[in-house]
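Using the sequences provided together with the hints, build the complete structure.
Line order of the protein sequences matches chains A and B. For the first sequence, position 100 matches number 100 in this note's numbering, and the numbering has no gaps at all. For the second sequence, position 108 matches number 108 in this note's numbering, and the numbering has no gaps at all.
Just so you know, these hints were derived from the structure itself, not from any lab. Do not take every clue at face value.
As the list claims (entries may be wrong) - Quick list of in silico lysine-lysine cross-link-like pairs, DSS-like style, CA-CA up to 27 Å:
(1) B:23 with A:23
(2) B:144 with B:63
(3) B:60 with A:63
(4) B:23 with A:63
(5) A:108 with B:60
(6) B:151 with B:63
(7) A:104 with B:52
(8) B:17 with B:104
Said to hold, decoys possible - Here are the computed distance ranges between Cβ atoms for each label pair:
(9) A:149 with B:151: 25 to 33 Å
(10) A:150 with B:104: 40 to 48 Å
(11) B:148 with A:13: 49 to 57 Å
(12) A:141 with B:151: 46 to 54 Å
(13) B:80 with A:148: 43 to 51 Å
Note that this is a predicted model, so its numbers are computed, not measured. No residue lacks a Cβ here, since even glycine has one placed at the ideal position from N, Cα and C.
Here's the letter readout for the chains.
There are 2 protein chains.
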Amino acid sequence: MVYNFLVKDIESNLSQKAIGTDKGLAKIGDAIVNLTYSVAKSVYLTKNTNSKAIVRTGTKVGKKILAEALKKAGMKDFARSRADAHDMADTVEAIVAYIWITEKMSIKEITDFLIEHLEGDLNSRIEEIAGARGAFVSLLNFIKQFLPDNKS
Amino acid sequence: MVYNFLVKDIESNLSQKAIGTDKGLAKIGDAIVNLTYSVAKSVYLTKNTNSKAIVRTGTKVGKKILAEALKKAGMKDFARSRADAHDMADTVEAIVAYIWITEKMSIKEITDFLIEHLEGDLNSRIEEIAGARGAFVSLLNFIKQFLPDNKS
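Following this line, the structure appears as structure tokens:
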């Protein structure tokens with residue numbers, strides 16, 4: 001995006017916490033996570049359903065799924081200290097928004113990455129939780145290269 | 001997007017109602033509307049705030065705002081008959097998703113269009129409702145050229 005000026009203040013003092021605890025970034029990231037996951041799920045189900053039916057769907061990715069993904073990716077340092085699941089989910093969303101605004105990954109690239117890393121039967125709620133969590137762990141691990149090393 | 005196959009069934013029998021009443025498209029469009037409006041609002045407030053502070057924010061666009069935009073754009077025929085505000089908002093979201101999936105407008109183009117057509121003090125809730133409604137009326141009027149003429 002050419003909206004990089006939206007993170008100029010964060011970049012002037014860049015740290016893991018500056019990105020991961022920004023509430024505005026989390027709000028923008030919430031919509032990015034829901035959009036990319038919804039399209040990824042639609043594509044995945046369309047490709048992996050025997051009936052050849054086209055599936056269009058939208059699902060909000062639960063806070064718990066995102067919080068667990070942050071922990072499994074070993075990125076709790078991006079969240080505020082004593083962060084609960086809600087805070088940690090916000091942190092994942094803020095990181096995704098930062099990556100998108102700074103043009104490290106486009107919506108299409110995030111979506112394609114999720115499609116590639118989804119697995120299991122997404123029509124089963126239990127399998128979907130594991131599948132979505134795994135895909136977001138992979139995404140966070142991939143994104144690390146674009147993020148600062150200093151914690152705060 | 002290169003995900004056009006997600007609307008192959010709709011395109012095989014293309015009509016205003018086929019697009020505007022699709023529940024899956026509405027779910028995908030919900031995230032597109034929220035993402036583009038959130039970024040547009042952030043950019044607009046950052047550019048129009050005297051303090052020069054950078055504003056990052058996210059706002060869900062209310063169902064009532066979208067329903068009124070559909071009516072003002074004269075596009076009620078895209079919704080199901082006897083549609084309530086919720087149905088009509090879903091119709092706007094489905095139309096936006098269709099436009100994006102078929103690559104008529106990118107996320108950036110939708111966002112830039114909203115930025116250009118927003119007006120008023122978005123920090124005032126009343127002015128924001130009018131501003132957001134006006135921007136979506138303009139967007140729908142612009143989008144008409146990409147939509148079919150036949151109703152059903």
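Pair hint outcome, residue 60 (chain B) versus residue 63 (chain A) [Cα-Cα no greater than 27 Å]: holds, 17 Å
Range hint 46 to 54 Å (beta carbons of residue 141 (chain A) and residue 151 (chain B)) holds or violated: With Cβ atoms ~49 Å apart, the hint holds.
Hint check for residue 148 (chain A) and residue 80 (chain B) - Cβ pair distance inside 43 to 51 Å: Cβ of residue 80 (chain B) to Cβ of residue 148 (chain A): about 50 Å, so the range 43 to 51 Å holds.
Residue 144 (chain B) paired with residue 63 (chain B) [C-alpha distance capped at 27 Å]: holds, 20 Å
Given pair status - residue 104 (chain B), residue 17 (chain B), alpha carbons within 27 Å: holds, 19 Å
Restraint check for residue 23 (chain B) with residue 63 (chain A), where alpha carbons must lie at most 27 Å apart: Holds, because 24 Å separates the two Cα atoms, which is no more than 27 Å.
Given hint residue 52 (chain B) paired with residue 104 (chain A) - CA-CA distance at most 27 Å: holds, 26 Å
Restraint check for residue 151 (chain B) with residue 63 (chain B), where alpha carbons must lie at most 27 Å apart: Roughly 23 Å between the alpha carbons, so the hint for residue 151 (chain B) and residue 63 (chain B) holds.
Residue 148 (chain B) paired with residue 13 (chain A), Cβ distance criterion 49 to 57 Å: Holds, since residue 148 (chain B) and residue 13 (chain A) (Cβ atoms, about 51 Å apart) stay within the stated range.
Restraint status (C-alpha distance of residue 108 (chain A) to residue 60 (chain B) at most 27 Å): holds, 22 Å
Range hint 40 to 48 Å (beta carbons of residue 150 (chain A) and residue 104 (chain B)) holds or violated: holds, 43 Å
Restraint check for residue 23 (chain B) with residue 23 (chain A), where alpha carbons must lie at most 27 Å apart: violated, 30 Å
The structure fails to meet hints 1, 9 from the earlier list, while all remaining hints are met.
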